[in-house]
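J.: Below, each chain spelled out in residue letters.
2 protein chains.
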Amino acid sequence: AGSMWLYRWYYSKLCQRVLGFTIFLILALAFVEFPSSFTRTADVRYRSQPWQPPCGLTETIEGLCLLVFLVDLSVKGYLVGRAQLQQNLWLLAYFVVLVVSVVDWTVSLSLACEEPLRVRRLLRPFFLLQNSSMMKKTLKCIRWSLPEMASVGLLLTIHLCFFTIIGMLVFTIGEKDEAQDKERLAYFQNLPRALLSLLLLLTTSNNPDVMIPAYIQNRAYALFFITFTLIGSLFLMNLLTAIIYNQFRGYLMKSLQTSLFRRRLGARAAFEVLASMAGLAGATPETVGVNPEDFLRVLQKTQLPKIHKQAITQKVRSYEGRPMLADEFQKLFDEVDKGVIKEHPPKPQYQSPFLQSAQFLFSHYYFNYLGSLIALGNLLSICVSGGLPCGGVGGPVLQPAFPWTPHPHTVAGHNGKPPSSVTLQVFLVRDSDLMPGQRDDFVLGILDCVFILYYLVELLLKVFALGLQGYLSYRSNVFDGVLTIVLLVLEISTLAVYGLPQSGWMPKQYGPLSLWDMTRLVNTLIVFRFLRIIPNVKPMAVVASTILGLIQNLRAFGGILVVVYYVFAIIGINLFQGVIVPPGNSSLVSNNSSAPCGSFEQLDYWSNNFDDFAAALITLWNVMVVNNWQVFLDAYRRYSGPWSVVYFVLWWLVSSVIWINLFLALLLENFLHRWDPRSHKQLLVGTQQ
Amino acid sequence: AGSMWLYRWYYSKLCQRVLGFTIFLILALAFVEFPSSFTRTADVRYRSQPWQPPCGLTETIEGLCLLVFLVDLSVKGYLVGRAQLQQNLWLLAYFVVLVVSVVDWTVSLSLACEEPLRVRRLLRPFFLLQNSSMMKKTLKCIRWSLPEMASVGLLLTIHLCFFTIIGMLVFTIGEKDEAQDKERLAYFQNLPRALLSLLLLLTTSNNPDVMIPAYIQNRAYALFFITFTLIGSLFLMNLLTAIIYNQFRGYLMKSLQTSLFRRRLGARAAFEVLASMAGLAGATPETVGVNPEDFLRVLQKTQLPKIHKQAITQKVRSYEGRPMLADEFQKLFDEVDKGVIKEHPPKPQYQSPFLQSAQFLFSHYYFNYLGSLIALGNLLSICVSGGLPCGGVGGPVLQPAFPWTPHPHTVAGHNGKPPSSVTLQVFLVRDSDLMPGQRDDFVLGILDCVFILYYLVELLLKVFALGLQGYLSYRSNVFDGVLTIVLLVLEISTLAVYGLPQSGWMPKQYGPLSLWDMTRLVNTLIVFRFLRIIPNVKPMAVVASTILGLIQNLRAFGGILVVVYYVFAIIGINLFQGVIVPPGNSSLVSNNSSAPCGSFEQLDYWSNNFDDFAAALITLWNVMVVNNWQVFLDAYRRYSGPWSVVYFVLWWLVSSVIWINLFLALLLENFLHRWDPRSHKQLLVGTQQ
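Sequences listed follow chains B and F, in order. The first sequence maps to residues 859 to 1547 in the numbering used here. The second sequence maps to residues 859 to 1547 in the numbering used here.
Because the hints were derived from the structure by calculation, they are not lab data. Keep in mind that a hint or two might mislead.
Same chains, same label: a pair holds when it works inside one copy or across any pair of copies.
Quick list of in silico lysine to any residue cross-link-like pairs, SDA-like style, CA-CA up to 25 Å [stated by the list, open to error]:
id: 1; residue 1: K995; residue 2: F1093
id: 2; residue 1: K998; residue 2: V1400
id: 3; residue 1: K934; residue 2: G1108
id: 4; residue 1: K1159; residue 2: F1218
id: 5; residue 1: K1112; residue 2: H1531
id: 6; residue 1: K871; residue 2: L1433
id: 7; residue 1: K1112; residue 2: V1507
id: 8; residue 1: K1205; residue 2: A886
id: 9; residue 1: K1164; residue 2: S1215
id: 10; residue 1: K1164; residue 2: S895
id: 11; residue 1: K1159; residue 2: R1126
id: 12; residue 1: K998; residue 2: H1531
id: 13; residue 1: K934; residue 2: V1421
id: 14; residue 1: K994; residue 2: I1024
id: 15; residue 1: K1159; residue 2: V1336
id: 16; residue 1: K994; residue 2: L1088
id: 17; residue 1: K995; residue 2: L1088
Let the hints inform the model, and build the full structure from the sequences given.
T.: Okay, structure coming up:
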């Protein structure tokens, strides 16, 4: 009975939440601990000295956390029992990790926080890992697919080596040609360099560049690079996806089946217990049943939601006191699965036929469409009208000037444009070359007023048609209403401050975020009104519900991502902290432009360092996205040493290759599960046996 | 009977091959026609005037091709029959395309090849499309998944717009700060620019760059970009994959089932015909059977492979003249499915026990492993020994100097190295800073001799153990043998020319490809010996066989890729031919370095143009790979106009989004089909009903 109480207490919501919060806390410590992430920027050139926690602060919090884990471990160990304890590897590992952490923690305290290395920081993600059964399962899935992944990896290696050798042959045999020499010097100078060039090509992050010197010389060389990318990126990399997905197929189904099976088993056990209480008189096992009154008494003590309890009670009453059989008992619990259908309060009754037809009109869903249409108009007025200079003849129309290369002609032409042309300069798309003082907000001001008035009228009409209770029972209406009221308040205060709009009307800016800016900011929240179209379009509804369902199943994957990021960030900090040093002389701009094109320095990547935890996370993200990761490789090779390559390639393998494929597998599984009508039948068949 | 003959003739191998060749020919014309691709380089700066075909040459070939298509169409129309003809949209479209092509062709001839636009070039891929039923099916699959793809596309658009508006809000409200101003000017200047920046971020092709100016200012801005990428790239893009895969599930299975069903139907029909010939005497339908002699007579006229014919004849003989029933008749054709198991000739018999044990030893598969091991050693001697300077103390060891940024320190250190240090300079990894005259090939020369001797001994021992016939019956042995003999011949001639290797031995180079280089080239073919490990490792064997199976199913996808590339290349040529102009002044180098970093000019992308068909294909490939495609967008905007963006974005959508997902779907389908044991059972159940 004691262990039963402990079990209930341990799996109570409060207890689990405390545990979850403790895990969050100990993980979040990494942001606070030395090197702390409390600086505005991560750029080594502009970074100020961060606030450092006094020695003992983070250690105290950590000690408390470790204490909680100790309690957790002992309770878990007690509940599992000694016999199982020795076979449960996860619990044993938990124990080892805790001991190491505590030892490291005491060392840290005794050295007055001056220790060079903190092993326990690396071990912290383990607490997250061991607390989630889904994550353990996912890890098992990954372990199962390792042999096949290794074989594809081997194929990839052979592919890489093979093409490296061919590439070195092709690009070093000629050797007299100047262009070929360029290719050789740049990408195929020696074996490690050539291997790395092709590894980068596998991630397509140096795609056109690597082939350019050879391709300039002869068209045929392009075939080499294209064949390599085709086989490597398209075939082998996607094969990895297929392998991981193959391992994950039925993963979701199985876990659903298991949980359903467990529940049925639990219900059956409850039935047996209750039946043994009631039916000593009943002889044959077929007629053994549960006394409904016993059941109702037990039901009152459980922690089911009220609505489910009511439904079950109602059903039990329908048996009118005769004992329930096992099947009937099982069926009772199906009630729990049924979703709660929310009922909207009835519409108010109006006597006048005119009012009735008006009510019909404004509660019709076409009225919602009209509202969306008006919101679209509002959005367009915000966005597009500003892009098109209205009066200026010959003004550049929707000029998509590109950001990455300054275009002298366009800029010059822009600056020379007479500022008197009547342009609807809206803040979203106002021409950046115009000073804030030059814009004319008159038309926009009028439009804003009109739209806000419409929203207000819509609000009132809907309240009239549905009644206040009915109006508030729709979530989308609540959102619309709040938005409208906020807009109204802002608009009224704007008018009060600046007066009515007139030609040449131009509210001044007070402070960083003027009232006027606020109004426009809230105005753009109108975009959200469009989200309610989604459930109305059928394929979009399915897609959206898939995404929502996915998010629920995502916690395990998110957890693994957190673990991986955490471990690599801590390793990265230990390896590369303070390695990136800002350029010595103070003339930053000249230094910047003197760096070769495409280098870390020229691209201003200074903030991508491992000097604190937050910066390390962003750096790892940027490498995970893979684009331009050669810049990181190059910079860290120069600042830290050639072996930094290993760290980055390992991170690429873990994050970009394995994790992203894992994610894709989960997504496919979720999506197909939801779309396949057969899967639900299989699920039921599987559990009823 | 006439139509039967026509049917046979039309579907004969010869006829189909002629048709296939005609399609290939008319597609390949694009390389020859004006603007022809016969230049060595596609670089606008160095490109010579290409050879232009005289007017009438390509037109004559095209006319012949069109004639063949005309015959094809009429035969197909006749075979399908008039009633079906009018409902068969593909045939009607074929007719229309042919008429348009012929008209365009005559116009072309009458204008003496000076016509500005050739519509028929755009229509040519249709000939490829209509000839393959698989491609038509694939197209149907794509059409079916269009609604869901459109809904994801809509979600993507909403996502993009939403983040664009938020981004413009975030990066334009402050407006006083210099750093934010930089972000605004660079990436969020106006609506189209911001949209494009985020579209590029969706493809991750401007990943760290777009966030850098804001991230330098404040860490928190990174969250905006990371959230955008997470939702857009990870969720929505992968959802597209899931949707396309969902449409393709069972695609392969269905087509297999259909073909099996058709064959069974054909066999049943043949049975009925043969039975009606034989058994007028037999009364009940259960006992109706085929006379084996009739069957054998018919069998002799068919075009089955000889080995299958023999197997079937043998089985028929086993019925000893009694009539075959329908089931037995069906089973006969299972023989056709059985693979041919190649039997190796028996090993030679030796009398002496010593020879017998030697034979056992050398025919054991461990001996193969030894050979692979030696080849690995050979490979290592080629690759690694050159990377490690042996004698030079303090010489840079395995220095992975990166290609993209010149590193002055390393290069300086290298040049200053005393050339007298004994380094194993092998051609693959020889230090590029050493002149060819400085390398010392003595050790490598000796090693080469040793390895070639080993290969020779291995060859002889294997022939001894397996017999010449047995040796040649293994393909891998044939390859090894040829390789060894070629190596031997080359080595002997090398020795004859240069003499025996000695210290400081250094063969001179005659001509572009010296004998010595040749030897080393062939030496690297040793790599291929490793490919034979693959079938021995089980998971690798499955993976490799999946890839091989995939290639067979790939033709439809390859065909669609060809169609898409062809159409876009032709459109691109019409839009952008001659748009990229080389820089005016002759001082190329200075011009190059004056261009801003990351621009088309600085990156030397001059050869990525649409001036001829081959160059257009490579350009499209580079855009399809997506990395750095912003450079193309920018360059073509500047050289051609802002609307060129539409073309490139469209190409990105078609190639990178749709086609690559299609490919992944096919790969998954193929892989899972092969790995899932249930699928085969389902297949049989499905067809036997």
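J.: Please go over all the hints and tell whether each is borne out by the structure.
T.: Comparing the hints with the structure gives:
Taking identical chains as interchangeable, the C-alpha atoms of K995 and F1093 lie at most 25 Å apart only when they sit on different chains, with a minimum of 22 Å there against 28 Å within one chain. Only between protomers do K998 and V1400 lie at most 25 Å apart by alpha-carbon distance; the minimum there is 22 Å, versus 30 Å within a single protomer. When the C-alpha separation of K934 and G1108 is checked against a cutoff of 25 Å, the pair qualifies neither within a copy, at 30 Å, nor between copies, at 46 Å. Taking identical chains as interchangeable, the C-alpha atoms of K1159 and F1218 are never at most 25 Å apart, the minima being 46 Å within one chain and 79 Å between chains.
In this assembly of identical chains, K1112 and H1531 lie within 25 Å of each other by CA distance both inside one copy and across copies; the values are 11 Å within and 20 Å between. Taking identical chains as interchangeable, the C-alpha atoms of K871 and L1433 are never at most 25 Å apart, the minima being 40 Å within one chain and 65 Å between chains. For a Cα distance limit of 25 Å, the shortest separation of K1112 from V1507 qualifies neither inside one copy, at 34 Å, nor across copies, at 41 Å. In this homomeric assembly, K1205 and A886 never come within 25 Å of each other (Cα to Cα): the closest approach is 50 Å inside a single copy and 71 Å across copies.
Within a single copy, K1164 and S1215 get their C-alpha atoms no closer than 39 Å, and across copies no closer than 84 Å, so neither meets the 25 Å cut-off. Taking the closest pair of Cα atoms, K1164 and S895 never come within 25 Å of each other, the shortest separation being 46 Å inside a single copy and 77 Å across copies. Proximity of K1159 to R1126 under the C-alpha cut-off of 25 Å is restricted to the intra-copy arrangement: shortest distance 18 Å within a copy versus 69 Å between copies. Taking the shortest Cα distances, K998 and H1531 sit within 25 Å of each other both inside one copy (21 Å) and across copies (23 Å).
In this homomeric assembly, K934 and V1421 come within 25 Å of each other (Cα to Cα) only inside a single copy, at 22 Å, whereas the closest approach across copies is 63 Å. Taking the closest pair of Cα atoms, K994 and I1024 never come within 25 Å of each other, the shortest separation being 43 Å inside a single copy and 38 Å across copies. In the homo-oligomer, the alpha carbons of K1159 and V1336 never lie at most 25 Å apart, since the shortest distance is 36 Å inside one protomer and 81 Å across protomers. Taking the closest pair of Cα atoms, K994 and L1088 come within 25 Å of each other only across two copies (24 Å); inside a single copy the shortest separation is 35 Å, beyond that limit.
Taking the shortest Cα distances, K995 and L1088 sit within 25 Å of each other only across copies (24 Å), while inside one copy they are farther apart (34 Å).
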